[in-house]
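**Student:** One-letter residues, chain by chain:
Protein chains: 2
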Amino acid sequence: MNSAICLIPAQEQALRIEKLGLEVPTLITDAANLFYLTGRVFAGYLMITPGVEPTYYIKRPLELTGPGVEYIRKPEDIGQRFPGGLERLGLELGQIAWADAERLMKALGAKEPVNVTPAIMNARAVKTPLEISLLEEDGIRQAAVYERIPRLFRPGMTDIELQAAIEYELRLQGCLGIFRVNGPMELHMGSVLTGENADAPSPYDFAMGGSGISPALPVGASGEEIKPGAVVMIDMNGCFNGYLTDMTRMFVNAPAVADLNPKVLNAWKCSQTICRRLAEAGRPGVEAKALYELAVEIVEEFKLGAYFMGHRQHAGFVGHGIGIAVNEQPVLAPRSKSVLAEGNVIAIEPKFVIPGFGAIGIENTYVVTPDGMRRITPAPEEIIPLI
Amino acid sequence: MNSAICLIPAQEQALRIEKLGLEVPTLITDAANLFYLTGRVFAGYLMITPGVEPTYYIKRPLELTGPGVEYIRKPEDIGQRFPGGLERLGLELGQIAWADAERLMKALGAKEPVNVTPAIMNARAVKTPLEISLLEEDGIRQAAVYERIPRLFRPGMTDIELQAAIEYELRLQGCLGIFRVNGPMELHMGSVLTGENADAPSPYDFAMGGSGISPALPVGASGEEIKPGAVVMIDMNGCFNGYLTDMTRMFVNAPAVADLNPKVLNAWKCSQTICRRLAEAGRPGVEAKALYELAVEIVEEFKLGAYFMGHRQHAGFVGHGIGIAVNEQPVLAPRSKSVLAEGNVIAIEPKFVIPGFGAIGIENTYVVTPDGMRRITPAPEEIIPLI
Numbered sequence: 033m034n035s036a037i038c039l040i041p042a043q044e045q046a047l048r049i050e051k052l053g054l055e056v057p058t059l060i061t062d063a064a065n066l067f068y069l070t071g072r073v074f075a076g077y078l079m080i081t082p083g084v085e086p087t088y089y090i091k092r093p094l095e096l097t098g099p100g101v102e103y104i105r106k107p108e109d110i111g112q113r114f115p116g117g118l119e120r121l122g123l124e125l126g127q128i129a130w131a132d133a134e135r136l137m138k139a140l141g142a143k144e145p146v147n148v149t150p151a152i153m154n155a156r157a158v159k160t161p162l163e164i165s166l167l168e169e170d171g172i173r174q175a176a177v178y179e180r181i182p183r184l185f186r187p188g189m190t191d192i193e194l195q196a197a198i199e200y201e202l203r204l205q206g207c208l209g210i211f212r213v214n215g216p217m218e219l220h221m222g223s224v225l226t227g228e229n230a231d232a233p234s235p236y237d238f239a240m241g242g243s244g245i246s247p248a249l250p251v252g253a254s255g256e257e258i259k260p261g262a263v264v265m266i267d268m269n270g271c272f273n274g275y276l277t278d279m280t281r282m283f284v285n286a287p288a289v290a291d292l293n294p295k296v297l298n299a300w301k302c303s304q305t306i307c308r309r310l311a312e313a314g315r316p317g318v319e320a321k322a323l324y325e326l327a328v329e330i331v332e333e334f335k336l337g338a339y340f341m342g343h344r345q346h347a348g349f350v351g352h353g354i355g356i357a358v359n360e361q362p363v364l365a366p367r368s369k370s371v372l373a374e375g376n377v378i379a380i381e382p383k384f385v386i387p388g389f390g391a392i393g394i395e396n397t398y399v400v401t402p403d404g405m406r407r408i409t410p411a412p413e414e415i416i417p418l419i
Numbered sequence: 033m034n035s036a037i038c039l040i041p042a043q044e045q046a047l048r049i050e051k052l053g054l055e056v057p058t059l060i061t062d063a064a065n066l067f068y069l070t071g072r073v074f075a076g077y078l079m080i081t082p083g084v085e086p087t088y089y090i091k092r093p094l095e096l097t098g099p100g101v102e103y104i105r106k107p108e109d110i111g112q113r114f115p116g117g118l119e120r121l122g123l124e125l126g127q128i129a130w131a132d133a134e135r136l137m138k139a140l141g142a143k144e145p146v147n148v149t150p151a152i153m154n155a156r157a158v159k160t161p162l163e164i165s166l167l168e169e170d171g172i173r174q175a176a177v178y179e180r181i182p183r184l185f186r187p188g189m190t191d192i193e194l195q196a197a198i199e200y201e202l203r204l205q206g207c208l209g210i211f212r213v214n215g216p217m218e219l220h221m222g223s224v225l226t227g228e229n230a231d232a233p234s235p236y237d238f239a240m241g242g243s244g245i246s247p248a249l250p251v252g253a254s255g256e257e258i259k260p261g262a263v264v265m266i267d268m269n270g271c272f273n274g275y276l277t278d279m280t281r282m283f284v285n286a287p288a289v290a291d292l293n294p295k296v297l298n299a300w301k302c303s304q305t306i307c308r309r310l311a312e313a314g315r316p317g318v319e320a321k322a323l324y325e326l327a328v329e330i331v332e333e334f335k336l337g338a339y340f341m342g343h344r345q346h347a348g349f350v351g352h353g354i355g356i357a358v359n360e361q362p363v364l365a366p367r368s369k370s371v372l373a374e375g376n377v378i379a380i381e382p383k384f385v386i387p388g389f390g391a392i393g394i395e396n397t398y399v400v401t402p403d404g405m406r407r408i409t410p411a412p413e414e415i416i417p418l419i
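Order-wise, the sequence lines are chains V and Y.
Numbering of the first sequence is given in the working numbering, commencing with residue 33 and proceeding in unit increments.
Numbering of the second sequence is given in the working numbering, commencing with residue 33 and proceeding in unit increments.
Hints were generated in silico from the structure; no laboratory data involved.
Hints should not be assumed to be uniformly reliable.
Pairs involving identical chains hold if they fit within one copy or between any two copies, as the list cannot separate such chains.
Claimed, not checked - Okay, derived cross-link-like pairs now, DSBU-like style, lysine-lysine, Cα gap no bigger than 30 Å in a straight line:
1. Lys106 with Lys321
2. Lys138 with Lys369
3. Lys259 with Lys301
4. Lys321 with Lys138
5. Lys91 with Lys143
6. Lys301 with Lys321
7. Lys51 with Lys295
8. Lys259 with Lys369
9. Lys335 with Lys138
10. Lys335 with Lys321
11. Lys335 with Lys369
12. Lys259 with Lys138
13. Lys301 with Lys106
Excised from the complex, chain V in its bound form:
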């Protein structure tokens, strides 16, 4: 274990803290935000006070060292450093449980909490060059695993058997297994969908559904056999270093794509077209909702409106920011107020459910640059034969 408390360069940390624009003393405790601001996860609190070096109030792990490190047993130990109490205290009110926030406010004698979640989410939405390099690494490693998927497939497999084989390969290649999410979304390592299961409504605002293998986790692969000639949509975990890329590719249980039904090929072509045209159009200053509207226009050209982002249940977006969490800002959605900025990293996932065929579509992760959106999920976009 590297015992230095801060695992990102000091200049990088200063840049990220500055981007938050905090105006009040703030305690950070959410794992994703701690990782963003220190490069590691610990139990405790990072205190950021404007104009002052950060303090790390750490419960666990033991043995961390560096300027600003103070070990505490409980939040009340922080309060002893502020005998006069604080007027206002910044807290991640979008993440932290009510009871935990109340305890922290009481411990620090704070009269009023200030919600810093929006400021942190806005900062995290615009990646630094160091963050982009980590995301690029994820894309390369995720693509390398996707390339091996046909070798993992055996005729007669179910969706969950293929998913488990991909999970195994991902883990052997260094995938962390978990990925972080904002809000109440539960999913294990991604989604493999084939056949009618793609149309089962899920509890979340997902592009695709799936009933899962248990009502305790009602999403994704259901144990359905991957039938001869059937297409399979694969959207698996790209988290290798704390950041993650999102990439979906189509596979077919056939030796070639030539025999695929024209409806399937049309939907795949539409998905690829949306990815490419949005990537060309997306640059700093462009409204997120304009990209959504462009996607809808293309869907209409392909006459696929009834199937876009689901069939029995529709998702209300075509892309989403991604970074430390799989769902960050900006969201490409009809009512989004976001405007694209250089350094946004966005997954575009135009997907369709065509009754009788299942889920069809691809997904790529892109970095917003002045010249358009640069793809960082380098796997070929074509439908890939599994046998």
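For chain V, the structure is supplied; the task is to place chain Y on it using the hints.
**Tutor:** Leaving out everything else, chain Y in the frame of chain V:
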């Protein structure tokens, strides 16, 4: 997908709701609590009003049916049903984010939130016969996978390679992959520890540490080779149906246990002795802290105090409740105020880190009965040769 909103029998649901003892109208939204009270997970809210049939305010998935089902788009839609507003509103303040709680209170015109998290956790700590049968199923399925571990091992493997192979086997046998936790604890499918890595302090109050393969998830297997003659502690996911059992077993990279160092055998024997004597002593009315104290007494008999529940960093408990989440009530800890009740399900995990040898100890899950604690993790407790 079974579209009936409630997937547990009506009588079972009524029993669980009664156990909560709620005195105010309450909105339940945490996934684990929704699963407890309905047998499924959905996006939305279960409203429980004393003396009234439950109402389900559902955002997603579409197509759920049954008495009390009402679809909403946003929490404010619930408020329209309560034009006069509510004086007090029960919320899971131990789980729900501050901003979400505030929005719900505003939507329902509530003046004061009532924290129902303690009541729910107390209810969930005492399992019903139906819940116990699900936990028994988990134990049997988890033990069946553990039995196959020697067949998954290949000489030269690292800890993470063996863990990935066990994960794959678990998933093929129906393990859901995820397990739910209370509070901020992150871990992917469990822990495989060998050698010095067991002593790396973790960010959580875990019996064992491990530095992980990335500072983004600094816990568990680190990529360390499982050396010839070395012991391996395996503590992997037992979640097959939304409940989970917790079970740890010891393995050795040798053809037989006869050559194991006496220090290793002594620690393993101490762990087994603690499990057995606590299981005999644990019954309704016994204080949780008395069981912890009994464990410490046995540790002293074996002269293992310096290594109990860690070496560089110690965990402050010897057992924990388990059910829908891996960490429920009661906790067997020195300052616990819990008293055991019939139907508690508790994992006992006396573990040691012996410098030079690594992590040693076993763990079983037990049901508290009037005659003592009945083990439901049926794998043999002996150290198992891997080759």
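**Student:** Would you pick out the hints that fail for this structure and give their numbers low to high?
**Tutor:** Of the numbered hints, 7, 8, 9, 12 and 13 do not hold.
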